[in-house]
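J.: Single-letter residue listing:
Number of protein chains: 2
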Amino acid sequence: MRRKGLASMAVQTVASTTGTVDLGPASGLSCRECGEVFALGPIFACELCFGPLEVKYAYDLPSATATFPTGSALRKQIENGPASIWRYAPLLPVPADVATKPNLNPGWTKLVQADNLARELGVERGRLFVKDDSGNPTHSFKDRVVAQALEAARAFGFTTLSCSSTGNLAGAVGAAAARAGFRSCVFIPHDLEQGKIVMAAVYGGELVGIEGTYDDVNRFCSELIGDPAGEGWGFVNVNLRPYYGEGSKTLAYEICEQLGWQLPDQIVIPIASGSQLTKIDKGLQELIKLGLVEDKPYKIFGAQAEGCSPVSAAFKAGHDVVRPQKPDTIAKSLAIGNPADGPYVLDICRRTGGAVEDVTDEQIVDAIKLLARTEGIFTETAGGTTLGVAKKLIEAGAIDPSLTTVVVNTGDGLKTLDAVAPTTGMTAVISPNLDSFREAGLA
Amino acid sequence: MRRKGLASMAVQTVASTTGTVDLGPASGLSCRECGEVFALGPIFACELCFGPLEVKYAYDLPSATATFPTGSALRKQIENGPASIWRYAPLLPVPADVATKPNLNPGWTKLVQADNLARELGVERGRLFVKDDSGNPTHSFKDRVVAQALEAARAFGFTTLSCSSTGNLAGAVGAAAARAGFRSCVFIPHDLEQGKIVMAAVYGGELVGIEGTYDDVNRFCSELIGDPAGEGWGFVNVNLRPYYGEGSKTLAYEICEQLGWQLPDQIVIPIASGSQLTKIDKGLQELIKLGLVEDKPYKIFGAQAEGCSPVSAAFKAGHDVVRPQKPDTIAKSLAIGNPADGPYVLDICRRTGGAVEDVTDEQIVDAIKLLARTEGIFTETAGGTTLGVAKKLIEAGAIDPSLTTVVVNTGDGLKTLDAVAPTTGMTAVISPNLDSFREAGLA
Numbered sequence: 001m002r003r004k005g006l007a008s009m010a011v012q013t014v015a016s017t018t019g020t021v022d023l024g025p026a027s028g029l030s031c032r033e034c035g036e037v038f039a040l041g042p043i044f045a046c047e048l049c050f051g052p053l054e055v056k057y058a059y060d061l062p063s064a065t066a067t068f069p070t071g072s073a074l075r076k077q078i079e080n081g082p083a084s085i086w087r088y089a090p091l092l093p094v095p096a097d098v099a100t101k102p103n104l105n106p107g108w109t110k111l112v113q114a115d116n117l118a119r120e121l122g123v124e125r126g127r128l129f130v131k132d133d134s135g136n137p138t139h140s141f142k143d144r145v146v147a148q149a150l151e152a153a154r155a156f157g158f159t160t161l162s163c164s165s166t167g168n169l170a171g172a173v174g175a176a177a178a179r180a181g182f183r184s185c186v187f188i189p190h191d192l193e194q195g196k197i198v199m200a201a202v203y204g205g206e207l208v209g210i211e212g213t214y215d216d217v218n219r220f221c222s223e224l225i226g227d228p229a230g231e232g233w234g235f236v237n238v239n240l241r242p243y244y245g246e247g248s249k250t251l252a253y254e255i256c257e258q259l260g261w262q263l264p265d266q267i268v269i270p271i272a273s274g275s276q277l278t279k280i281d282k283g284l285q286e287l288i289k290l291g292l293v294e295d296k297p298y299k300i301f302g303a304q305a306e307g308c309s310p311v312s313a314a315f316k317a318g319h320d321v322v323r324p325q326k327p328d329t330i331a332k333s334l335a336i337g338n339p340a341d342g343p344y345v346l347d348i349c350r351r352t353g354g355a356v357e358d359v360t361d362e363q364i365v366d367a368i369k370l371l372a373r374t375e376g377i378f379t380e381t382a383g384g385t386t387l388g389v390a391k392k393l394i395e396a397g398a399i400d401p402s403l404t405t406v407v408v409n410t411g412d413g414l415k416t417l418d419a420v421a422p423t424t425g426m427t428a429v430i431s432p433n434l435d436s437f438r439e440a441g442l443a
Numbered sequence: 001m002r003r004k005g006l007a008s009m010a011v012q013t014v015a016s017t018t019g020t021v022d023l024g025p026a027s028g029l030s031c032r033e034c035g036e037v038f039a040l041g042p043i044f045a046c047e048l049c050f051g052p053l054e055v056k057y058a059y060d061l062p063s064a065t066a067t068f069p070t071g072s073a074l075r076k077q078i079e080n081g082p083a084s085i086w087r088y089a090p091l092l093p094v095p096a097d098v099a100t101k102p103n104l105n106p107g108w109t110k111l112v113q114a115d116n117l118a119r120e121l122g123v124e125r126g127r128l129f130v131k132d133d134s135g136n137p138t139h140s141f142k143d144r145v146v147a148q149a150l151e152a153a154r155a156f157g158f159t160t161l162s163c164s165s166t167g168n169l170a171g172a173v174g175a176a177a178a179r180a181g182f183r184s185c186v187f188i189p190h191d192l193e194q195g196k197i198v199m200a201a202v203y204g205g206e207l208v209g210i211e212g213t214y215d216d217v218n219r220f221c222s223e224l225i226g227d228p229a230g231e232g233w234g235f236v237n238v239n240l241r242p243y244y245g246e247g248s249k250t251l252a253y254e255i256c257e258q259l260g261w262q263l264p265d266q267i268v269i270p271i272a273s274g275s276q277l278t279k280i281d282k283g284l285q286e287l288i289k290l291g292l293v294e295d296k297p298y299k300i301f302g303a304q305a306e307g308c309s310p311v312s313a314a315f316k317a318g319h320d321v322v323r324p325q326k327p328d329t330i331a332k333s334l335a336i337g338n339p340a341d342g343p344y345v346l347d348i349c350r351r352t353g354g355a356v357e358d359v360t361d362e363q364i365v366d367a368i369k370l371l372a373r374t375e376g377i378f379t380e381t382a383g384g385t386t387l388g389v390a391k392k393l394i395e396a397g398a399i400d401p402s403l404t405t406v407v408v409n410t411g412d413g414l415k416t417l418d419a420v421a422p423t424t425g426m427t428a429v430i431s432p433n434l435d436s437f438r439e440a441g442l443a
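Residue numbers (full-length UniProt numbering), protein chains in the order written: chain P, 1 to 443; chain Y, 1 to 443.
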């Protein structure tokens, strides 16, 4: 990856309709493919090579570390910050006073030491942790990324927050927009389950059903961005995607801080587009570079459902590119058949000595129940996928049970009740008397 | 209320099967009616007058304040504590090392400054707050009370955690028991909605359907406590009720600490049994007595659904006692027709200058949507009831819009989707093209 002209980026700014762009330490965007740099703005693809853009920071510059706080000074600043992702504002594309602006203040969710689960999986006591993002305001990690996109939308003078979605993202955008005083307009396939429609619609924004598949919804959104009708619209996962993605770094920051400013040895992360996994790796690298944690090897493992396992298939076949699949799995929030960040995920998992693995729908349901009955955490199908893969990799010896392992739980079981309903019910039905109780063998 | 023999209680202990009972500052139980005192144990009714028992503390004693930390010293101790209810361990019936035991670590939920909502309700900016307990591990305030009951169960050597429930409590008990390594056995009416059964059953404990009404379930549980079959069973809301109830005090503690160690002027609380409201008042009184907040008047308001409004009816009629009602409301978690703490609630609301009010099911749904579209918080029907009543009281002039008001949101909208589903949906369905978008008037 080349670096050119980044020094001049540090002082470069873009005028938006509301004035100068202040996104804190963010100094510009750069292409992940060709390294070309761009000023901060609502753009997401390189003008030269169409590669994805990502945010560059003042602290990326070799010379900047002289003035940017590092190590224990930065640690102290973070520890004194708010109990939300904004404690890491110095490392994010947000203004320094971000916590004072109306937003949902996501993050700083629990890192649960999962000793019961460890016992069942044969992991050493005190070595297994679940990062439980169901504790976020709308109960998924999407609140983290949407909060970043919202700040970019503010900076660029947008007044409408939008996205295409089939679930968690719709609610996260609707809620964040409501709180921040933005209009929201979310696009979904018209035939979504009623429960998901309610969860997205209740925040009072526009919720537009598109007659077509999720791919049709996406295509329509791209069209809208290029049209005057889409002016002033921030699509969190399209034209604000470079900022949006940075929200996932906060998972890495929190995990390390909650481990006492240490890197985990092994971390298991679900793969949808693959963005979250790549950004967690980016976050870990930043912590090392800034002297917040001691450098040491860590392994990153990616988790997919068998019914949508293009990255896992490529990993096992030794391929560098990902062949698209047609998804068919209960893990709908991971059902992206052509994941944009697939090649980067493969690179990270191979480079760190990790792996990508997949599990069946049945194993996903089993893992949901395993986590609930051992730790009292009810996760959605994506979390079941991640834990199911962790279990499989521990059994296969790919994950070392004597080292620290973190399993990332990205969402809440209340949103995917249908997945466990057929096999989860009452253990007995009795008459209201002690004889009936004894006959049922419950005494 | 008389006080007798409390000094001797401070050194009194009860041997359980696991040894001496250590419940921290808890020194005994006393009858709320006749003042008789008892040693700590799994009892809930006075042997003399059958009045309800409540926990007494070392810091209740006039002489104890000399050794018990107060004021700024206690504030500092709390502020350095964990980000959960256990920061208040010195004020709760739990051992000092409670945070090291496996539990769900509930509490320390967000106090949201609700300026958008304030604007809509005509409240002065910066004066309206929502205490959002949907952020708890199983997304309701029940995690607070169950966590207390669990510590009492540990202290008394119980191995099974149990309760009767129609919703939130079942999940809270199932999850807490799983995490703590307890067996759980929860009793529900057999004809509960499937979604609620799944939410309770997923944690893997026994979930027993009782052929009968919720009253039949309750009667059966009382029978089981008196039978050898119920030996070693802690029913969180029956034989552990005095401890269980103390969990609600933490709402009062957190609200005041989050307001900068200040009492709110006005606080609106839902009424089911009425326990939560009385314990919040108790918590506020303790903060005053221990010098954690400055003493000043505050008003407590109780909220009920019109379809189950026995306390509101008694308040309006000027009665001291509550006439039972047959519940018929969408606010099922508040549908207790004969609330045990009704008379105490009436006393507190009258004494503080507050009120008890009720709203219709339609107003409950409107309030759920109002909170979602203004602050991005999706509450359940109980929260809709509380906000609906707050709105009604502001409009009636009973709540002063220039003073600080806290509205307590006890649960999560994902658990009562049915309440809003009929009136919450897509705003438009369009074909995936710009012409269709424009025709729908969305541009």
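Careful: at least some of the hints might be erroneous.
If the Cβ cut is set under 8 Å, some of the chain Y residues that face chain P in the computed set are [said to hold, decoys possible]:
{"no.": "1", "residue": "PHE220"}
{"no.": "2", "residue": "ILE430"}
{"no.": "3", "residue": "LEU434"}
No wet-lab data here; the hints were simulated from the structure.
Ideal Cβ placement from N, Cα and C applies to all residues, glycine included.
J.: Taking the closest Cβ pair, is Y:LEU434 under 8 Å from chain P?
T.: holds (6 Å)
J.: Can you verify the interface hint for Y:PHE220: is its Cβ closer than 8 Å to any Cβ in chain P?
T.: Interface hint status for Y:PHE220: holds (4 Å vs cutoff 8 Å).
J.: Tell me if Y:ILE430 is really an interface residue toward chain P, meaning its C-beta lies closer than 8 Å to one of theirs.
T.: holds (6 Å)
Of the numbered hints given earlier, the model fails none.
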